[in-house]
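Residue numbers (this note's numbering), protein chains in the order written: chain G, 1 to 59; chain X, 60 to 425.
Rather than coming from a laboratory, the hints here were simulated on the basis of the structure.
Be aware that one or more of the hints could be misleading.
Here are the computed lysine-lysine pairs in the DSBU-like style, where the Cα-Cα straight-line distance is at most 30 Å [said to hold, decoys possible]: (1) G:35 x X:256; (2) X:259 x G:35; (3) X:255 x G:35; (4) X:121 x X:96; (5) G:35 x X:347; (6) X:148 x X:124; (7) G:35 x X:148.
Sample of chain G residues facing chain X (criterion: CB under 7 Å; computed from the structure) [to be verified]: (8) 45; (9) 49; (10) 52.
A quick note: this is a predicted structure, and the numbers were derived from the prediction, not measured.
We put the CB at the ideal spot given by N, CA and C, even for glycine.
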Amino acid sequence: MVGAGLVVIGVGIGIGRVGGSAMEAIGRQPDAYGKIQTAMLIAAALIEGIGFAALFAVS
Amino acid sequence: MPLVLNKFYSIFTLFTVIFFTVNTVQAKDAEASVDLKTEIKEYITHHLQDTYDFSLFSYTNKSGKHIYIGIPLPVILWDEELHVFSSSKLHHGEELVASGNKYYKLDHGKIYRTDASGIISYDESHHAKNIAPLDLSITKGVASMILIAILMFFLFRSLARSYDTNGAVPSGIGRFFEPIVLYIRDDIARPNIGDKKHGKYMSFLLTVFFFIWFLNILGLTPLGVNVTGNIAVTFGLALLTFLITNLTGTKDYWLHIFDPLGSSMKWFAKIPIYIILIPIEVLGIFIKPFSLLIRLYANMQAGHIVLMSLIGLMFIFKSWLGSPLSFGLAFAISIIELLVALLQAYIFTMLSALYFGFAAEEHEHH
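When you get a sec, could you build the whole thing from the sequences and use the hints?
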C-alpha cells in the first residue's frame, strides 16, 4: 500500500511538472498553443503509462 | 434571469428528493447485511466484470426470493455440441440450467458444467474444479460493442451521404461531428504521419477514436457496462495498432530498428553497440502497443472504481449527510469522467497516429 502511494506521488509530481512547464511555454509563445498542448499530452500520457505499470506491479 | 434560477431550483429540489428517497429505501436494505464493507467491495468488483445480462436492479420479495430486473442476453456454449439458452435461466447462479443432457451453473461470474445435483467443488485456492465449457456468449460487453458498431455504421454512413444531397455542407448532427473528424485529420493524422501517407490510416484512426469514445460514454450510463475497462477489449484494440504499424512498416522503419547507425560506422564498430541497441528497439515494438492497452484499461477501470466507491459512501455513512456528500462527489467525478472519456479516446488515437508515423517514415538517403 505504501508503494502504491509512492507511485502516485511520483506520477503526480511528474505530470504536474509537465503541465506547469507547458503553461509557461504557452505563456511565452501563445501562437504555439496547439503544438505545446500535443507534446504535453503525449508526455503526460507516457508518465501515466509508467505509473499504471508500476501500480500493477505493486498491487 | 429569475426564470432560469427558478428552473434551476426546481430541478435541484427534484434531484434532492429523488436521491433522499432512493437513499432511505436502500439504506434499510443495507442495514440488514452482515458486513457492509465486504458487500460494497463485492458490488464494485461485480460491476467491473463482464456479465451475462444487463442487470438494472434487484430486490428480495416477501417470500425471500431474489428478483432481478434487467435485460437477459443469449448464452452460447460449445461443449461437444452447441448449447444456446437465455441468461435469465441462470438466475444469477441461483438455479441450475439443463441444456441437452448436460447441466450448467453460474459461479463467480463463470459458467461451469455440473452434474444433476449442481454441486461445484473447489480446490485449496478456492478455484472451481468443474469443467468450464468454451464460452462464446453474447455478454454485456459484446452486446454493447455490437450496439455501438451498428450505431456508428448507420450514423457515419448517413452523414457521409448527407454531403452528396446537401452540397458538401454538413447538416444536423453532422455539424457536431464534422469539426471532430477534421480535427483528427488535420491535427492528429497529418502532423504525425505526413501529408502524403495519412490517407490510408485515416479510416482506422477515425473508427478507433469514435469507438472508444462512444464506449467510454456508454460506460457512464446506468446500464453499468465497462467495456473499455476490460483488458481483453483494449488488448484487441492495441493488437490492431500493433499489426497495422508493423505490416505497413517501410524499409526505413525496419532499418531504424535493426540498423539505426546506417553507413556512418564500420560494421565491426557497430557490433558492440548493436548487442544492446537492437534488443531494446525490438522490445520497443511490443512496449508501445502494450502501454496503449494498459493506459486505456487502467484509466477506465480506475474511473469506474472511484465512481462506485463514492456511491458506496452513501451506505457507509448511513445518515442524512451521506447522500448529498456522495451525490456531490459522484456528480463531480462523473463530469471529470466525461472529460476522461474523450481524453483517453484522443490519446489512443494520437499515439496510434504517432506509431503509424514511425512506420511510414522515409528518410532521404544521402
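Here is what the structure says about each hint:
1. For the proposed pair residue 35 (chain G) and residue 256 (chain X), the alpha carbon gap of about 20 Å is at most 30 Å, so the pair holds.
2. At most 30 Å may separate the alpha-carbon atoms for a hinted pair to count; residue 259 (chain X) and residue 35 (chain G) meet this at roughly 24 Å.
3. Using a Cα cut-off of 30 Å, the hinted pair residue 255 (chain X) and residue 35 (chain G) holds, with the two alpha carbons roughly 20 Å apart.
4. Annotation: proposed proximity of residue 121 (chain X) to residue 96 (chain X) holds, straight-line Cα distance about 26 Å (limit 30 Å).
5. Proximity of residue 35 (chain G) to residue 347 (chain X) is assessed by CA-CA distance (about 22 Å); at most 30 Å being required, the pair is judged to hold.
6. At most 30 Å may separate the alpha-carbon atoms for a hinted pair to count; residue 148 (chain X) and residue 124 (chain X) meet this at roughly 15 Å.
7. A hinted pair counts as satisfied when its Cα atoms are at most 30 Å apart, and residue 35 (chain G) with residue 148 (chain X) does not qualify at roughly 55 Å.
8. This hint holds: residue 45 (chain G) has a C-beta 5 Å from the nearest C-beta of chain X, less than the 7 Å allowed.
9. About 4 Å separates the beta-carbon of residue 49 (chain G) from the nearest beta-carbon of chain X, less than 7 Å, and the hint is met.
10. Taking 7 Å as the C-beta contact cut-off toward chain X, the hint placing residue 52 (chain G) at the interface holds, the least distance being around 4 Å.
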